[in-house]
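*Asks:* Listed below are the residues making up each chain.
Number of protein chains: 2
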Amino acid sequence: MKTAALILAGGKGERFWPGSRSAHPKQFLSLTGDGISMIAHTVERILPLVAMEDIFISTNESYRSLVEEQLPGIKKENIICEPVARNTAPGIGLGAVHMRKAYKDAMMLVLPSDHQIGKPEEYIKCLSAAMETAEISEGLVTMGITPSFPETGYGYIRADVGEKCADAFKVERFVEKPDLETAKKYLEEGGYLWNSGQFIWKVSAILSAMEKAVPSVYSGLEKIESAIGTPDYENILLQEFEKMESVSVDNGVMEKEKKIFVLPGDFGWDDVGSWLALERLNKPDADGNIVQGNAELSGVSSSIIRADKKLIAVVGLEDVVVVDTEDATLICSKEKTGDIKKLLAALKAKGREGYL
Amino acid sequence: MKTAALILAGGKGERFWPGSRSAHPKQFLSLTGDGISMIAHTVERILPLVAMEDIFISTNESYRSLVEEQLPGIKKENIICEPVARNTAPGIGLGAVHMRKAYKDAMMLVLPSDHQIGKPEEYIKCLSAAMETAEISEGLVTMGITPSFPETGYGYIRADVGEKCADAFKVERFVEKPDLETAKKYLEEGGYLWNSGQFIWKVSAILSAMEKAVPSVYSGLEKIESAIGTPDYENILLQEFEKMESVSVDNGVMEKEKKIFVLPGDFGWDDVGSWLALERLNKPDADGNIVQGNAELSGVSSSIIRADKKLIAVVGLEDVVVVDTEDATLICSKEKTGDIKKLLAALKAKGREGYL
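Same order as they appear, the protein sequences are chains A and B.
Oh and the first sequence: position 152 is 152 in my numbering, straight run, nothing missing.
One gets my numbering by counting positions in the second sequence from 1 and adding 1000 to each.
Treat the hints with care, since some could be wrong.
Claimed, not checked - Below, a list of computed lysine-lysine pairs in the BS3-like style, where the Cα atoms sit at most 25 Å apart:
{"id": "1", "chain 1": "B", "residue 1": "1350", "chain 2": "A", "residue 2": "309"}
{"id": "2", "chain 1": "B", "residue 1": "1309", "chain 2": "A", "residue 2": "350"}
{"id": "3", "chain 1": "B", "residue 1": "1185", "chain 2": "B", "residue 2": "1170"}
{"id": "4", "chain 1": "A", "residue 1": "223", "chain 2": "A", "residue 2": "256"}
{"id": "5", "chain 1": "A", "residue 1": "283", "chain 2": "A", "residue 2": "309"}
{"id": "6", "chain 1": "A", "residue 1": "350", "chain 2": "B", "residue 2": "1283"}
{"id": "7", "chain 1": "B", "residue 1": "1350", "chain 2": "A", "residue 2": "283"}
{"id": "8", "chain 1": "A", "residue 1": "283", "chain 2": "A", "residue 2": "212"}
{"id": "9", "chain 1": "A", "residue 1": "336", "chain 2": "B", "residue 2": "1336"}
{"id": "10", "chain 1": "A", "residue 1": "309", "chain 2": "B", "residue 2": "1342"}
{"id": "11", "chain 1": "A", "residue 1": "76", "chain 2": "A", "residue 2": "12"}
{"id": "12", "chain 1": "B", "residue 1": "1341", "chain 2": "A", "residue 2": "336"}
{"id": "13", "chain 1": "B", "residue 1": "1348", "chain 2": "A", "residue 2": "309"}
{"id": "14", "chain 1": "B", "residue 1": "1309", "chain 2": "A", "residue 2": "309"}
{"id": "15", "chain 1": "A", "residue 1": "348", "chain 2": "B", "residue 2": "1309"}
{"id": "16", "chain 1": "B", "residue 1": "1348", "chain 2": "B", "residue 2": "1334"}
{"id": "17", "chain 1": "A", "residue 1": "341", "chain 2": "B", "residue 2": "1309"}
{"id": "18", "chain 1": "A", "residue 1": "334", "chain 2": "B", "residue 2": "1334"}
{"id": "19", "chain 1": "A", "residue 1": "334", "chain 2": "B", "residue 2": "1350"}
{"id": "20", "chain 1": "B", "residue 1": "1309", "chain 2": "A", "residue 2": "342"}
{"id": "21", "chain 1": "A", "residue 1": "12", "chain 2": "A", "residue 2": "256"}
{"id": "22", "chain 1": "A", "residue 1": "177", "chain 2": "A", "residue 2": "334"}
{"id": "23", "chain 1": "B", "residue 1": "1185", "chain 2": "A", "residue 2": "309"}
To be clear, the hints were calculated from the coordinates, so they are not data collected in a lab.
Using the sequences and the hints, build the whole thing.
*Replies:* Right, dumping it as structure tokens:
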């Protein structure tokens, strides 16, 4: 059976402002100083399992040209643009019907475009194992990350360690982002994994699950599928997609399904959730600083400095994040990167959307 | 008797990097957000006492075009360029011989170009009083600032409060920058004033004092004076000036002279010694911030943000100084503005003089 991948690349990535913008979000940035964007790394990483011509990108019209520019190997007809945002269930369903049209059935990998994988070989092994589970079980498989600390920013998956299918465990339940106490408890108890938002299933399995769990979404998808390759495609896509319920694949589909499995993975996964991730993705210098671009530091420690062309000179500070771009410079306390959203809201309220 | 002014505008102002550059130092910046440079304010401030045509600017060739651009009212022949730096005694002496050539004698005001005066009317009164003392005494008069706190960054002048001439006191002695203990003692004891580097004397008085105190400098000045207005001026200026001893007017002349007076002044003087001065020169907002230019702040307090065209976005920080310019951005802890010099030294060592 053909293996195909759907890479999700429609996100906005506000937490990476001003590096990311509404017109140029995080997945199109290089955050490791190698000049290669996260989405390009994502594609490259899965080439041992998926042929370039079988990789699909789920995005929207605003990012089409970035995708074409950064991923010249992707077939034009594999760039799937959602006409409006309807969360992951309709988005993934749209990818799935494109694959059904192309291959009848296929092993489908659903992968975020803006995560970092520190151990790519280990990652390929885990994906292969997940594919095996999906093949044998005909169910829905997700990859869970063995937690290394009580993170409160992720959802968790409780594995039923008594019931296995190949290397994966049956999922007992999904749990929402916990508070710190609960997260600590999960870590102590064991059997909890971070939900990394990576899915492996057969196209037939996910579409059949959608037919049961979100029938109205599914019937819209069927109409879109029959229009693929016809001149009516764009019109029908817009008409049907707009009507769809906005629901995530986790809540809307997985939680209603019985045959769901989680494969525990330990492959250096990082969701690259904020500028602070640069400390994990890059090796800090002797003063604990991550310095990229044209910067000069004096008496600076534990800081993240991402300069561009202009000289960024930092003196006598610690725990700061500085990100310079063509038209905006962010200077932020490491503790307060979550407040970047407040700043963006203030800019929006002042009608300064040009900076967003 | 004619009143003439010599405005000293040859300084580099490293502490105002990156606003100031070796090619564009502090006196040519506007630091109050009104777009008017410090030197332009200096000229404007003394117009009640000195006609524009009697104002001389002491600078060097690198800054001549800035002077002409910012001070179009100054006569071209009144822009005096030192061919090499030789501290204030030769520099002021050069101005004095130009004045002697033009006026035979005159009341001469010697004023820095990069200080701020908060109460200009009070200032004019003090200058007038100092001129009166200089007229009556035929001596050298300086303006001293009544200290408001134990500043360790200035030299002090000890006044002999028992001996007056008009409103000024005889100077007992000049003292170098004290340590904090000593500065506190000065403040308690009274009779100590800050040395503001502003001098008032007759051209004949300062030149006669120089003839006695620094005779080799004086004889060079005489040679230069006779070349003023001739085609040999530039050559003789360079030849004589280069030979002169590098010495300040305080140490080299004033301290050796008997008839020296100090006029205590309280006219909102500020030497604008570093970016921190912006907090004194401008009214902070409700969060204690000084914000100039295109900036957006969230959770920021007690900070100085001087943006230019690019958006400067600051989040969750206090006590920082941010200065953006065309090709460099400084981000500095308020406590560490003194370390800007270290940074500049590092840039120089790396051959990056373009930024200096």
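*Asks:* Each hint should be assessed against the structure and marked as holding or not.
*Replies:* Checked hints:
Taking the CA atoms of residue 1350(B) and residue 309(A), the gap is about 17 Å. The hint holds against a cut of 25 Å. At most 25 Å may separate the alpha-carbon atoms for a hinted pair to count; residue 1309(B) and residue 350(A) meet this at roughly 17 Å. Between the alpha carbons of residue 1185(B) and residue 1170(B) the distance comes to roughly 21 Å, so the proposed pair stays at or under 25 Å and holds. Restraint check for residue 223(A) and residue 256(A): the C-alpha separation of about 24 Å stays at or below 25 Å, so the hint holds.
The hinted pair formed by residue 283(A) and residue 309(A) meets the criterion: a straight-line CA distance of about 22 Å does not exceed 25 Å. A threshold of 25 Å between alpha carbons decides the hint, and for residue 350(A) with residue 1283(B) the separation of about 23 Å falls inside it, so the pair holds. With a C-alpha separation of about 23 Å, the suggested pairing of residue 1350(B) with residue 283(A) holds against the 25 Å cut-off. Distance hint between residue 283(A) and residue 212(A) is unfulfilled; the C-alpha atoms sit about 47 Å from each other, more than 25 Å.
With a CA separation close to 22 Å, the supplied pair residue 336(A) and residue 1336(B) stays within the 25 Å bound. At roughly 22 Å between alpha-carbon atoms, residue 309(A) and residue 1342(B) fall within 25 Å of each other, so this suggested pair holds. A threshold of 25 Å between alpha carbons decides the hint, and for residue 76(A) with residue 12(A) the separation of about 22 Å falls inside it, so the pair holds. In summary, the hint linking residue 1341(B) to residue 336(A) is not supported, as the alpha carbons are separated by about 29 Å, beyond the 25 Å threshold.
As the CA atoms of residue 1348(B) and residue 309(A) are separated by approximately 19 Å, the hinted pair is consistent with the 25 Å bound. For a cut-off of 25 Å, the pair hint linking residue 1309(B) to residue 309(A) stands: about 15 Å separates their Cα positions. Restraint check for residue 348(A) and residue 1309(B): the C-alpha separation of about 19 Å stays at or below 25 Å, so the hint holds. With a C-alpha separation of about 23 Å, the suggested pairing of residue 1348(B) with residue 1334(B) holds against the 25 Å cut-off.
Note on residue 341(A) and residue 1309(B): the hinted pairing holds, with a Cα-Cα distance of about 22 Å set against a maximum of 25 Å. Note on residue 334(A) and residue 1334(B): the hinted pairing holds, with a Cα-Cα distance of about 18 Å set against a maximum of 25 Å. Restraint check for residue 334(A) and residue 1350(B): the C-alpha separation of about 29 Å exceeds 25 Å, so the hint is violated. At most 25 Å may separate the alpha-carbon atoms for a hinted pair to count; residue 1309(B) and residue 342(A) meet this at roughly 22 Å.
A hinted pair counts as satisfied when its Cα atoms are at most 25 Å apart, and residue 12(A) with residue 256(A) does not qualify at roughly 28 Å. Between residue 177(A) and residue 334(A) the CA atoms are separated by roughly 22 Å; this keeps the pair inside 25 Å, and the hint holds. Straight-line distance between C-alpha atoms of residue 1185(B) and residue 309(A) comes to about 50 Å, which puts the hinted pair past the 25 Å bound.
Hints 8, 12, 19, 21 and 23 from the list above are not met by this structure, while the remaining hints are.
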